[in-house]
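> Based on the hints, put chain B in the right spot on chain A.
These are the residues of each chain, in order.
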Amino acid sequence: MSIEIRNIQKSFGNFQALSNINLDVPTGELVALLGPSGCGKTSLLRIIAGLESPDVGTILFHGDDATHRDVRERQVGFVFQHYALFRHMTVFENVAFGLRVRPKSTRPTEGEIHRRVRELLDLVQLDWLSDRYPPQLSGGQRQRIALARALAVEPKVLLLDEPFGALDAKVRKDLRRWLRRLHDELHITSVFVTHDQEEALEVADRIVVMNHGKIEQIGTPQEVYDHPSTPFVYQFLGNVNLFHSRVESGKAFIGNLPLEVDAKDESNNSTAFAYVRPHDIDIQKESNIQSAFEAKVIYIHSLGPLVRLELQREDQSDIIESELTRERFLQLDLSIGSKVYVQPKNIRVFLNETA
Amino acid sequence: MANTSPSQMTLYRAKVARNRATSEPAWIKYSLISLALLFLSLFLFVPLVAVFTEALRKGLDTYVTALSDPDAFSAIKLTLVAALISVPLNLVFGIAASWAIAKFEFKGKNILITLIDLPFAVSPVVAGLIYVLIFGLQGWFGSWLSDHNIKVIFAIPGIVLATVFVTFPFVARELIPLMQAQGKEEEEAGLVLGASGWQILWRITLPNVKWGLLYGVILTNARAMGEFGAVSVVSGHIRGMTNTMPLHVEILYNEYNYAAAFAVASLLAFLALVTLALKSFVEWQSARVPTQIEDIS
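Heads up: the sequence lines are chains A and B, in that order. Each residue of the first sequence is one higher than the one before, starting from 1 at the first, in the numbering used here. Each residue of the second sequence is one higher than the one before, starting from 1 at the first, in the numbering used here.
Simulated from the structure, these hints should not be mistaken for laboratory data.
The list that follows gives simulated cross-link-like pairs (lysine-lysine, DSSO-like), each with its CA atoms no further than 30 Å apart:
no., chain 1, residue 1, chain 2, residue 2
1, B, K210, A, K104
2, B, K184, A, K173
3, B, K103, B, K279
So here's chain A without its partners, still in its complex pose:
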């Protein structure tokens, strides 16, 4: 089932949680709502579920207006951040709950309920836990039971609020791969909320980057990572170096390096921000035409295949980060205090719109 969100607004008291949200989720896609805490991503998820109602705007499920549809009739599955398993019920009864509360006319028989629950517990590979109570389970197990419970009612849309937020790093990695595989098997339209960019980039078909109640960018992981459309997205997805600059006669500068700006007349002398990812900062021992400025190596972190350097600019007090392959690092023969020339590549310049 597809979800269309049109001009949604929501405020809590004086706090504008969501403003002017427009989003399409096609059938069968796995979409991540990504953003820092307080950006409105959970509010949006809860509005889709029907647990909150928007102040303005409409939500369409499969083309039909569902804005005022009761939660119970939306056919959504919701996995809560802290799982919200029913603590006084066994795992089996937790999963069976959605089937047992159906009205008599549509409720499956006891045998059918048993069969369905077994099937779901098999799917999440936890059939051996069916008689346990939620407090006796580990975080990862609770997460999978919560998912099985949500799937029991055969939802048309699956919504997950920070599904891996409360788990430790190792379990989190395993579980998100598992979730991706599960989605590829079931093809349920799914939306999940996360503040972890790595998680969003790895799992989602498409990422919706949010900040301050607005959508900053929508795109595939590749698109948002390689072509961030706003400074916020640049900073939020991965490490980045920020260079402040002034626009002079249509060019911005990083050190001595001129950058083309598609500048209009009035943008002359306005401030510009240039973003460069650490792995796009190359280093030379000799100055040349592409060098931006001279710097000194002040820190070397060489763990794994990449070597991370911190460089102190000679002409300014800014510290910038660079990532080199181990091979390149050895070839340059660097040590702390070495003088180097910095060559940024793939520079993205944003003009300061408020100036």
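Below, chain B alone, put in the same frame as chain A:
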């Protein structure tokens, strides 16, 4: 400690060492403990023993006679009736109020919370007087009630009303913090899974608070049976008609009938002890059952 493993032994030693590091010298410990024990026995244990010894001083026969006196019997019956009516009423009210306060946002929530606490703040005598002012012969509805031949004050309805009033907060006060601590997530999960309001209440909310609820009921019951002030004002002290156990004790005592007074008092004390035992059982049971979700964040 025969089969204690070495690691357990180390743990135990570490625990002892830590205790030494954080605790007071022995003389302070023991003098504080004995002070507390002395205080408890002087003010709680000795009076309790006194009630039972005084009650049985003139022998078992006098004791049994005092309790089988028709007036005493009717007082016991009235006390149980008042408790039997007020406990279920406050049970239903307490669940409704705490469910509303803990799980929903609405205007006037703070006023409701304050209202629930009112019976704690108001002196029971004042509570009784309020009912006399409203339902008494000279009160607001007095003439209407007497026209329709309904007696509230100096009759059983008045006693039940006063008891309901003073026991009003116990269940709600017990449930509100518990429900607030448990949050709304489980209820929301039930809602998304298609459960109706009643199904959520019966299958999710109530099972989660059952021990707190039982605890609140026990406290309500204890207060309902022991209430003196409010009931005294509205009862009229008509022997064999509107006397509850605490009132009956007072009358017997004022008549210098000490043996009978203490006999009825001992029965009240016994009911209190049973209540305490039940309360301890509930506390032990609720600590044993894994109802608390471990903090996972």
